[in-house]
Amino acid sequence: MRFFSFHLMPYIGLDPAYEGSAWVTCPNSLFDPEHGGELYNRYLGELLYAEELGFDGVCVNEHHQNAYGNMPSPNLIASILARQTETIRIAVVGNALPLYDPPTRVAEEFAMIDVISGGRLIAGMVVGGGPEYYSFSVNPAHARERFQEAHDLITKAWTTSGPFEWVSKHYRIRYVNPWPRPIQQPHPEIWIPGAGSIETMEFVARHRYAYMGIPYFHLDVFKRYFSMFRDACEAEGYEADPLQAGWLVPIYVSETDEQARREYEEHLWYFVKRLLPGITIQPPGYTSVRSLASILKSAGTFMLNVETWDQIVDGRYAIVGSPETVTQQLVDALSALGTGNLLGLFQLGSLPDHLTRKNMALFADQVIPKLRAEFPQGKPVYRPQAAVA
Amino acid sequence: MPQTLTEERIDAPLGKIQVFRAGSGDPLVYLHSAGGEPTNPALEDLADSFAVMVPVFPGFGESEGIDEIDDMEDAVFHLLDVWELLGLDAPIVVGLSLGGWTAMELATRYPERVGKMVLVNPVGIHIDGQPIAEMFGRTPAELAEMLFADQSHPIAQAMHAMSEFTGDVGRQVEIPIEIVLPMWKAISATAKLGWDPYLHNPKLRGRLRRITAPTLVVAGAQDGLVPPVYAETFAAEIPNARLVVIDGAAHWLPFEKPEELAELVREFSRT
Chain A
1 MRFFSFHLMP
11 YIGLDPAYEG
21 SAWVTCPNSL
31 FDPEHGGELY
41 NRYLGELLYA
51 EELGFDGVCV
61 NEHHQNAYGN
71 MPSPNLIASI
81 LARQTETIRI
91 AVVGNALPLY
101 DPPTRVAEEF
111 AMIDVISGGR
121 LIAGMVVGGG
131 PEYYSFSVNP
141 AHARERFQEA
151 HDLITKAWTT
161 SGPFEWVSKH
171 YRIRYVNPWP
181 RPIQQPHPEI
191 WIPGAGSIET
201 MEFVARHRYA
211 YMGIPYFHLD
221 VFKRYFSMFR
231 DACEAEGYEA
241 DPLQAGWLVP
251 IYVSETDEQA
261 RREYEEHLWY
271 FVKRLLPGIT
281 IQPPGYTSVR
291 SLASILKSAG
301 TFMLNVETWD
311 QIVDGRYAIV
321 GSPETVTQQL
331 VDALSALGTG
341 NLLGLFQLGS
351 LPDHLTRKNM
361 ALFADQVIPK
371 LRAEFPQGKP
381 VYRPQAAVA
Chain B
1 MPQTLTEERI
11 DAPLGKIQVF
21 RAGSGDPLVY
31 LHSAGGEPTN
41 PALEDLADSF
51 AVMVPVFPGF
61 GESEGIDEID
71 DMEDAVFHLL
81 DVWELLGLDA
91 PIVVGLSLGG
101 WTAMELATRY
111 PERVGKMVLV
121 NPVGIHIDGQ
131 PIAEMFGRTP
141 AELAEMLFAD
151 QSHPIAQAMH
161 AMSEFTGDVG
171 RQVEIPIEIV
181 LPMWKAISAT
191 AKLGWDPYLH
201 NPKLRGRLRR
211 ITAPTLVVAG
221 AQDGLVPPVY
231 AETFAAEIPN
241 ARLVVIDGAA
251 HWLPFEKPEE
261 LAELVREFSR
271 T
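Chains A and B, in that order, are what the protein sequence lines are. Using my numbering, read the first sequence as starting at 1 and increasing by one per residue. Using my numbering, read the second sequence as starting at 1 and increasing by one per residue.
Keep in mind that a hint or two might mislead.
[Unchecked claim] Short derived list, chain A residues pointing at chain B, Cβ under 7 Å:
#1 Ser137
#2 Asn139
#3 Ile281
#4 Pro284
#5 Gly285
[As the list claims (entries may be wrong)] Over 12 Å on every C-beta distance to chain A, these chain B residues come out as not near it, computed from the model:
#6 Asp11
#7 Pro13
#8 Glu44
#9 Gly129
#10 Gly206
#11 Ala221
#12 Glu237
#13 Phe268
Don't read these hints as lab results, they were simulated from the structure. No residue lacks a Cβ here, since even glycine has one placed at the ideal position from N, Cα and C.
Just chain A, same shape as in the assembly (with noise of 0.2 Å):
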């Protein structure tokens, strides 16, 4: 098993007066920016953390014009913890390739990251958000190939000498020639975020990749999307190792089952009802036939639609209680569902500094070598008679 700390940057202190989408069309004039750049250099520290904390690695994503995460640019967050790191894997989940024209930008700038760290970068490749196509006018229409080009179009520029010349649909470019190259060979390692789309989990298992469930679904919904993926691997003719998949989950870890929830519960509704209207507005487009009816079947299940406590608890939204209790349910869960990568969100909403690092130091003293203990490195994760329970 090998644990990750994830943070979103999230944008704590909304106008309480403002109630609509967090997501396009949140105002900016909301955002003060003297407050931005210390919760910049908080959440920083936070990451920096969990290095001292023994964790295996940090992960940074990308989302724009909005309050939920103020990473418009994760690869400018990973470049600083590059330089301040010594040890530990920095997860970019991901770049949002179709953002980016022409995406050899990507290219360089994951080679810079992982050259400046020393082959420390785990490369996150994503579709990108619904939101992120409001934000862009890029077409929602052309998501999936743009995608899957400039996939191509960046690992064929990490593996092949360049110059060469690159003519697909959506990008030409005339000599392809990147400086830097990537000091992990053949790539660095490559995570591809989905979130149910089966194209994505084919894509990901032919390339023998490593999938990462998008969250804020009932633990249901990650069985079933684990248990398709592994299907995949299976269709491409191999067993899905568990580093191979990854479920990200917002965690609190606290003395007590009671004190966990009344140090965290207002800050997760503070994300829940703040931070999280308007993340699911759909592009049209975006998603295929195939994948929509998956992908219907669980939206029902979204933590927007989350409205008590026991509802979190027992749809496992977040894992949340003593060492004891908070070891126990990830048992369970990654039995479950099979994944060797835990990547825990431990700030989450409006979740202060000093409880963050309090639960992060618990997690890591109290559960990790429980978890480390059940689950060794290179042995089976998944466990099918967990996943019927």
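With chain A fixed as given, assemble chain B onto it according to the hints.
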């Protein structure tokens, strides 16, 4: 007597497409809106005077070929194919919204292939400071507010009922796929043509002067999607055009004022 349109499938170069037709007489081709409507009550009325034909555009309904279409250039070439397959020389073309835009793209490039043109709440150009409202990412209830002047219209009522399924912006519940799929296909195909630039072709306005077909522009006075200045501009800049504004109709005028529209088309065809 209103006539129901019946479906045929024809083999077009890009794939099989649906064509709905009824009636006999001079050919009248209807180019549908972003909703992909294969008929409307005005057409059923007009079928007693014309050979009405509705070729469903690729990606809408069950028409194939959207993978080969990325822009209006592709759309026009597809229409030329359809004209040949239907044996059309220069028919009357009636287009609603997106269909009106498509009709103008054909009529600017191949003016001889359009005999007369009726544009109902057309899009296709951009006017600074007068944006066309956002149609993507809307709930069915929000769309109903733009499409209908009278929210008690049965289709508007059905759209409001559908919003009970889909909820408010940012919220979703489980929705039966058979309800979602046709809407999803229509809006996805529309995105191919009209996501960016949004529902217009920056070159079209300068080409309107090439249209030779006598043109009737019909605008719903309560259109919630396209500001009135659009219809006024089309009527002013298409060489042989006039404007009629119908009160009590919004964007989906053929559904709200079918008799008025049918009568206007009949009268216009005789002049």
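Here is how each hint holds up against the structure:
no.: 1; hint: Ser137; verdict: holds (4 Å)
no.: 2; hint: Asn139; verdict: holds (4 Å)
no.: 3; hint: Ile281; verdict: holds (5 Å)
no.: 4; hint: Pro284; verdict: holds (4 Å)
no.: 5; hint: Gly285; verdict: holds (4 Å)
no.: 6; hint: Asp11; verdict: holds (22 Å)
no.: 7; hint: Pro13; verdict: holds (19 Å)
no.: 8; hint: Glu44; verdict: holds (29 Å)
no.: 9; hint: Gly129; verdict: holds (19 Å)
no.: 10; hint: Gly206; verdict: holds (22 Å)
no.: 11; hint: Ala221; verdict: holds (28 Å)
no.: 12; hint: Glu237; verdict: holds (26 Å)
no.: 13; hint: Phe268; verdict: holds (34 Å)
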